[in-house]
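**Q** These are the residues of each chain, in order.
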Amino acid sequence: MVINAVIQVTIFSMLVTVISVPLGRYMARVFGRERTWLDPALVPLETIIYRICGVHAGLEQDWIEYSISMLVFSAVGMVLLYGIERLQYYLPLNPQHFGAIAPDLAFNTAASFTTNTNWQAYSGESTMSYFTQMAGLAFHNFVSAATGIAVAIAVIRGFVRRGGQTLGNFWVDLTRATLWVLLPLSILLSLVLIWQGVPQNFSRYVHARTLEGPEQVIAQGPVASQESIKELGTNGGGFFNANSAHPYENPTPLTNLLELIAIFAIGAGLTHTFGHMAGDRRQGWALFAAMGVLFLMGTSWAIWAEQRGNPQFAAMGIDQRATVMQAGGNMEGKEVRNGIVGSALWAVVTTDTSCGAVNAMHDSFTPLGGLVPLLNMQIGEIIFGGVGSGLYGMLVMAVLTVFIAGLMVGRTPEYLGKKIEGREMKLAMLFVLIFPAVILLPVGAAVATKAGLAGISNPGPHGLSQILYAFTSAAANNGSAFAGLNADTPFYNVLLAFVMLFGRFLMKVPVLALAGSLVAKKAVPPSAGTFPTGGATFVVLLVGVIIIVAALTFFPADALGPIVEELVMHAGKLY
Amino acid sequence: MAKAVRLWEGKIVRTALVDSLGKFDPRLQAHNPVMFVVEVTAAAVSLILLRDFLSGRGSQVLFELQIAVWLWFTVGFANFAEAMAEGRGKAQAENLRKTRTETPATLLRDGQEVRVPAPSLRRGDVVLVRAGEIIPGDGEVIEGVASVNEAAITGESAPVIRESGGDRSAVTGGTIVISDWIKIRITANPGETFLDRMIALVEGAQRQKTPNEIALSILLAGLTIIFLLVCVSLYPLALYGGSALSLPVLVALLVCLIPTTIGGLLSAIGIAGMDRLVQHNVLAMSGRAVEAAGDIDTLLLDKTGTITLGDRLATEFIPMHGTTAEELADAAQLASLADETPEGRSIVVLAKNQFNLRGRELAHSEAHFVPFTAQTRMSGIDINNRRIRKGAYDQIMNFVRENGGTVPSELGPIVERIARSGGTPLVVADRGRVLGVIHLKDVIKAGIRERFARLRAMGMRTVMITGDNPLTAAAIAAESGVDDFRAEATPETKLQLIREEQAQGKLVAMIGDGTNDAPALAQADVGIAMNAGTQAAREAGNMVDLDSNPTKIIEVVEIGKQLLITRGALTTFSIANDVAKYFAILPAMFVLSYPQLQELNVMHLATPQSAILSAVIFNALIIIALIPLALRGVQYRPLGAAAILRRNLLVYGLGGVIIPFIGIKAIDLVVAALHLA
Amino acid sequence: MRSWTAIRMTLVLTILTGIAYPVALVGLAHLLFPRQAEGTLVWRNGHVIGSLLIGQNFASARYFHPRPSAAGATGYDAAGSGGSNLGPTNKRLIEAVRSRASALREHEPGIGHGAIPVDMVTASASGLDPEITPAAAEAQVPRVARARGLAESTVRSLVASYTRGRMLGLLGEPRVNVLELNLALDDLASNSSSKAFR
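Chains as they are written, first to last, in this note's numbering: chain C, 1 to 575; chain D, 1 to 677; chain W, 1 to 198.
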């Protein structure tokens, strides 16, 4: 059975690698405004959009202007979504006649989708009208992803351009990311998903009379169109409450594989886009390799932990072995068609990135199995990462790595020939600092207050894991949850909304400032004394720095959550 | 001055101990966020201790007392490290101060000699210094030539020549004229002299954080804030699990996690780096320049004096048909007897070495020397009816033809061959007869090739600048092993070349001594002026090499790199240490609420208290243990960057993970044995 | 100026990605894959009896049973999907699994004191898992055969023919669709009964 796990992971890894290379090159062309084969269809549309919106495509922006454009655009979108949620009763495509969404939940959801988090404190099929799902949520799935890609491209420009002040034009990057990258891929993926059984309709919920007699109401909707962008844009907001565990969202092993690839594709491609734009493809491959190593580490760990199962079950004579007849392992909160490998792999992929879609319930994972997605988010979702955010997060880690490595080879640290000095360090550290701040402080607040503790559904150390997971997921803009936590309360809705907003925008702005600071620098040509950032040593060091920074920051919290739970579980203690 | 100070010199240690007490002043600590946090928390724990002591909550007092003491020690050890580094600098400065005597100076005012005290001299004053007198201040020789003993600042006892006009006109206050006399125009006001600046530099009085140090401080401050967040949030998290953590325990964790090792040693490393530079007789005007030296991509070198010995020397006599080599050597020696140039002297020496021809004392009556003039462009001797001349090919040919001779056909090819090989052909003739050719050659300094290879391994490109023609330059470049050369260079070439390299983003170092080097020295990122050079050059550069040794750049670069490597290594070490500290402290913190966490106590530390205490003690002692490394610096080897990194990662990264496990366990054994906790 | 651009850009992209894109896909889906687009529904005698992709509850001994479901109050609520979200050290999880296990030992002759396939006692992630493992199907064969008066081998071969292997032998896990299998069981019954009548 180990063999099958290896085969499934290998197939997935190879497909991602193979797809990422041409996709990365394609994106480099798209954002370099070079010719692509989609131009005949899209350039006229692009021109019309610029004309309507008053965008001067030739005009480039410095980092401040770029940031402001990004922030204003996000703010407008957030207000629009809030409005749609509150007014959905009066809007079309609401066959189930769902009423207005409560203000705190509407605010939380607006923040959640604007920040590419897709944290869902609601249950889709019993809350959101089709119109809200499409025009409100799926729209954000596109533009929050496009915003992430745009920022990543701007940051890459900061690293690779030699001199100048500007990082590109936000409106152009946004439009091109949507039209050239996200829309075509989404249409393609949607069609395959529909073929495999994912519904795409505006029908009322179906009332079925089951074989044994009772009625079963089956939720419907335009699922496929939202499913594809939710994975491609690493958004993760499920059409249904059960997200990609729902057979309508992810009905077959093929859809499971394709959705997994879709989650990784753009993030992985962007590493190569970086290599192309830097004019040195090894630079892209180095980041890709570091991400790949971390991905494989997490995947093997998660599969191992989940396959081990729950020792309490074993004591009851329950068969958790993997045989030809069953996947075995800890099947609580997992689907048979995905088994252990498909579920654990998904849990890793969805948290390596900022996706947060789930095909199994992380809350029911074994403690060490659930620690993997938690750790993935704690290292900042830089393993291919959220579209865009993964790459620039990784670039910040590369800057830190190069700084320490550069010192140790006796040279002022430089990355791609650009010297890392006080200002860069300040911005990089700000980026690194904000993240634990917006996780640890609210977690502390939540476990110290009644309102926070009230949300816990699994007592004992697992309850702490639930809260820790929630804020980590929000800060990292992931959106997955230890979903037992009852988070649809004013306390959690509001606090988590702010954490999501801080986790997104307080980190995007410093990283754009970093790019703005680097873009003006002259690049030093490499010499024998320069630490090469395209090689294996760098990859190993980068992986080491990433793990150490995250481990040192979150080890105490994790020790009191998943780690201690693992130990007490084996000691037979229940809560 | 140049002598190295012993690491644990008793006097320095005693002074440092006293000085480190003064450094507890929070206003001073505030410059170093990491140690400031330690001091603040140490104070907080002390207050808690006081409260518990007064309220009689006995059980934890002994434990809290020990924590508090070791926290104060942590700060103290860091203070001590800094004081040690400063103390070593002060010891150097002390040596220097002795030379700054209050000698009277002979001021020339309106042609009158006036005795004034040296400190009253101002820029622009002209003084006269005679043999045996101490030069009263920095200045430029405007008249006269004298040999000067500069041992006071260079440590080199052999006297050097200082004369007006040339590139050896700068003198330094505190040095002694041992023969002849010179008139000096003073160029520095009291307090601004070279010696003053040197004293200030080695004492670290004007030390400002270098750019890289600032960047590293930001990293360390960031890490400190992260760990503060970790510890602050840990309190409610622990409470959730049923453990109420006490402040001393939380502080212990915090102090162990924040990078105190590098935080405590950071300024000592910087001071010690400057100090090492001074020990190599190089004076950097700023720490920034030292750091930049580690980053140099391109090094510009003057051919003359740097790569070659500076003067062309005779290496071979090539006679014409019908003349023996000895005959040629004899004539050449005769013609050179009165030639005091190095070239002339080298001919005399070569003839003596090859043919045992002795230099002869010739009376003025029988011989008439013909000196070299710009018009004739040849020199020689008229003796006993012989008219021997040596000079460039064209001139000697004219001379031969004037004397009715013919030029042998073999001469042309010989001359051309010598020129092509980078040498200078000197043709010797007696009236109408060409005797042969002397091959004058630039002699490459011994060991220079190896030094260039070392520079290359460091990642530096060397470029030779010479006024020679491209042919000659190429030959010398090939022989010496420089990476590139620029022939037929004018003084402006250097400036232009530096700008070209800088436009490509490269950092350029240059070594120079002459007045016309000053613009280039100023333009270069690292400009090293020779102490023997002109005052203009010394002012323009950002470093001065007191030994006037052009290959000193290697040491400077190594010290620059060493500085960064030491910082990086200790940062890595400091962070890697945290792994073991977590394993020591965390299980101890929560063992009451979650006894299962005992499984993480991989070191099997005796009790929760001893675990925490041992980690804190280790954290403090490691600072002391690493003082020698901080002061001496991590050794630099000119390997490739990747190789250096792998080595340092292994030693300081992996070592940093492993050593505290051993150290904490050992301390725990002691603590347990002594029943301290 | 910037705000106007932002507002206009928001509206344009909302129309493009939030309305045009899904509406166009609804059209395309109904053109190309009409059955799937409407949710792969199963019709019997003119009314919908469920979806092949959505698990439904079976309690009768005559049918194969699906996995425990935490969707909705009574399980298999297809308008309220979700898992139990019980953690591994939660007493309620262990109690639930224990009671399921003892019920199975009581009612499944195929299990008795043997090992119970883990998917039979654990709730699925969606609460709508339409499938069970071949092991879980095998464990139910004796009961179903007995309840329907069929030979175990008949039922077992029916299970085998409705067992789906891994995709290309590599991806996913082997599984049996419960609704499909139960429909086939009913078909088997009606076929044989119609034979008897003839």
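Because the hints were derived from the structure by calculation, they are not lab data.
Remember, predicted model here, so these are calculated numbers, not experimental data.
No residue lacks a Cβ here, since even glycine has one placed at the ideal position from N, Cα and C.
A hint or two may mislead.
As the list claims (entries may be wrong) - Covered stretches of chain C (chain W as the covering partner; in silico rule of three or more C-beta atoms under 8 Å from a C-beta of chain W):
(1) 70-77
(2) 238-247
(3) 306-316
(4) 359-370
Said to hold, decoys possible - Using 16 Å as the maximum straight-line C-alpha spacing, the simulated EDC-like pairs for lysine to aspartate or glutamate come out as follows:
(5) C:Lys573 - W:Glu95
(6) D:Lys352 - D:Glu366
(7) D:Lys11 - D:Asp52
(8) C:Lys522 - D:Glu500
(9) D:Lys352 - D:Asp382
(10) D:Lys183 - D:Asp125
(11) D:Lys183 - D:Asp110
(12) D:Lys209 - C:Glu421
(13) C:Lys522 - D:Asp110
(14) C:Lys450 - C:Glu421
(15) D:Lys183 - D:Glu133
(16) D:Lys352 - D:Asp311
**Q** Give a verdict on every hint.
**A** So, going through the hints one by one against the coordinates:
1. 70-77: holds (count 5)
2. 238-247: holds (count 6)
3. 306-316: holds (count 5)
4. 359-370: holds (count 8)
5. C:Lys573 - W:Glu95: Roughly 13 Å between the alpha carbons, so the hint for Lys573 of chain C and Glu95 of chain W holds.
6. D:Lys352 - D:Glu366: Violated, because 22 Å separates the two Cα atoms, which is more than 16 Å.
7. D:Lys11 - D:Asp52: violated (40 Å)
8. C:Lys522 - D:Glu500: Distance ~13 Å between Lys522 of chain C and Glu500 of chain D Cα, so the pair holds.
9. D:Lys352 - D:Asp382: violated (21 Å)
10. D:Lys183 - D:Asp125: Status holds; Cα separation ~10 Å.
11. D:Lys183 - D:Asp110: holds (14 Å)
12. D:Lys209 - C:Glu421: holds (13 Å)
13. C:Lys522 - D:Asp110: Roughly 55 Å between the alpha carbons, so the hint for Lys522 of chain C and Asp110 of chain D is violated.
14. C:Lys450 - C:Glu421: violated (45 Å)
15. D:Lys183 - D:Glu133: Given that 16 Å is the threshold and the Cα spacing comes to 12 Å, the pair holds.
16. D:Lys352 - D:Asp311: violated (19 Å)
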